[in-house]
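Undergrad: Once you've looked at the hints, dock chain W against the given chain E.
2 protein chains.
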Amino acid sequence: MRELPLSKVYQLLEPGPVVLLTTARRGRTNIMTMSWHMMVEFEPPLVACVVSPADHSFGALRATRECVIAIPAVELAPKVVEVGNSSGRDVDKFAKFGLTPVPAKRVAPPLVAECFANLECRVVDSRWAKRYCFFVLEVVKAWIDPAVTAPRTLHHRGRGEFMVAGRTIRLPSRMK
Amino acid sequence: MRELPLSKVYQLLEPGPVVLLTTARRGRTNIMTMSWHMMVEFEPPLVACVVSPADHSFGALRATRECVIAIPAVELAPKVVEVGNSSGRDVDKFAKFGLTPVPAKRVAPPLVAECFANLECRVVDSRWAKRYCFFVLEVVKAWIDPAVTAPRTLHHRGRGEFMVAGRTIRLPSRMK
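Protein sequences, first through last, are from chains E and W. Numbering of the first sequence is given in my numbering, commencing with residue 21 and proceeding in unit increments. Numbering of the second sequence is given in my numbering, commencing with residue 21 and proceeding in unit increments.
So that you can see chain E by itself, here it is in the shape it has in the complex (with noise of 0.2 Å):
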């Protein structure tokens, strides 16, 4: 994994990939599907996402303030789907699904090595984590497999669908 410049972390969240999301509280990790997210900022980059009390990931991210994004390319696509299909309060999904963690640099989940981009998070805002389930992370660390030059990532449409990155574009945008 090589570092990312934190300025570009907003081109891999952007387009919309099913993420994973690590979390670790006394000793356990645990892992989550999750595609309710979106960039709020560029530098330092923040991303707000959606996390339901339902979710065993709910309670560590809250206690923790920590968290790290994984992004799965289409090859991980069975697996993302049982990590969303079952609960860490009944299994380590790491072992169950054969993911392996790494330890993170500035914060205490572990990064997935199957996955080609990892970021590295602390919740800054919590506060709307009542009203609508919503943390505001910042990305303090970022991380990018180079061997990857084109990932295919998964975007979900609902209910067992998902859209797979097709090729890319170039056009005359002044956006950033």
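The reader is advised that the hints may include incorrect statements.
Note: identical chains are not told apart, hence a pair may lie in one copy or across any two.
Capping the alpha-carbon separation at 30 Å, the derived lysine-lysine pairs in DSS-like fashion look like this [claimed, not checked]:
1. Lys-116 / Lys-28
2. Lys-99 / Lys-196
3. Lys-150 / Lys-196
4. Lys-150 / Lys-161
5. Lys-99 / Lys-28
6. Lys-196 / Lys-116
7. Lys-99 / Lys-116
FYI, nobody ran anything at the bench for these hints, they're computed from the structure.
TA: Leaving out everything else, chain W in the frame of chain E:
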């Protein structure tokens, strides 16, 4: 345009498409390009989005508390970029870029005829507008073009690069 049940709106926004946002104020309509948005609740569908005070639409959105989210497919890509490159302060973007405003049913801002989906929205929470340029919208009416079955949406990867929606896969997900 056929009406889409509000319970299905998340299936359009969750994959992270670039969207157009229309507003209307003092008889003048405007459009901007946006990709910082996410679902917050299934039904009634709540959508969070970031609209900067630097965008001409910010004032209209805050004052009128209404907008339409219109979702373009790749055929509209050049216009989507032109909309993003210009400001409603200077030009009537509907006229200049040959986009067709269509009256909405429940809000004043127009639908965009050329887009395959249009979501009529009301601002239900702007308490974080100053802090994060953050608006929570409720979708009150949704329209879809029944002729478009597999829309090739655009997904912004920064600096003029866009991913175009690729193939669809089905997996045994129990997630909604």
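Undergrad: For every hint, state whether the structure bears it out.
TA: Each hint, compared with the structure:
Proximity of Lys-116 and Lys-28 under a CA criterion of 30 Å is satisfied in neither setting, with 33 Å inside one chain copy and 32 Å between copies. Taking the shortest Cα distances, Lys-99 and Lys-196 sit within 30 Å of each other only across copies (17 Å), while inside one copy they are farther apart (33 Å). In this homomeric assembly, Lys-150 and Lys-196 come within 30 Å of each other (Cα to Cα) only across copies, at 21 Å, whereas the closest approach inside a single copy is 33 Å. Taking identical chains as interchangeable, the C-alpha atoms of Lys-150 and Lys-161 lie at most 30 Å apart whether they share a chain (27 Å) or sit on different chains (26 Å).
In this assembly of identical chains, Lys-99 and Lys-28 lie within 30 Å of each other by CA distance both inside one copy and across copies; the values are 27 Å within and 25 Å between. With identical chains, the CA atoms of Lys-196 and Lys-116 are at most 30 Å apart between copies only, with a shortest distance of 23 Å across copies and 40 Å within one. For the homomeric pair Lys-99 and Lys-116, the shortest alpha-carbon distance inside one copy (10 Å) is at most 30 Å, but the shortest distance between copies (47 Å) is not.
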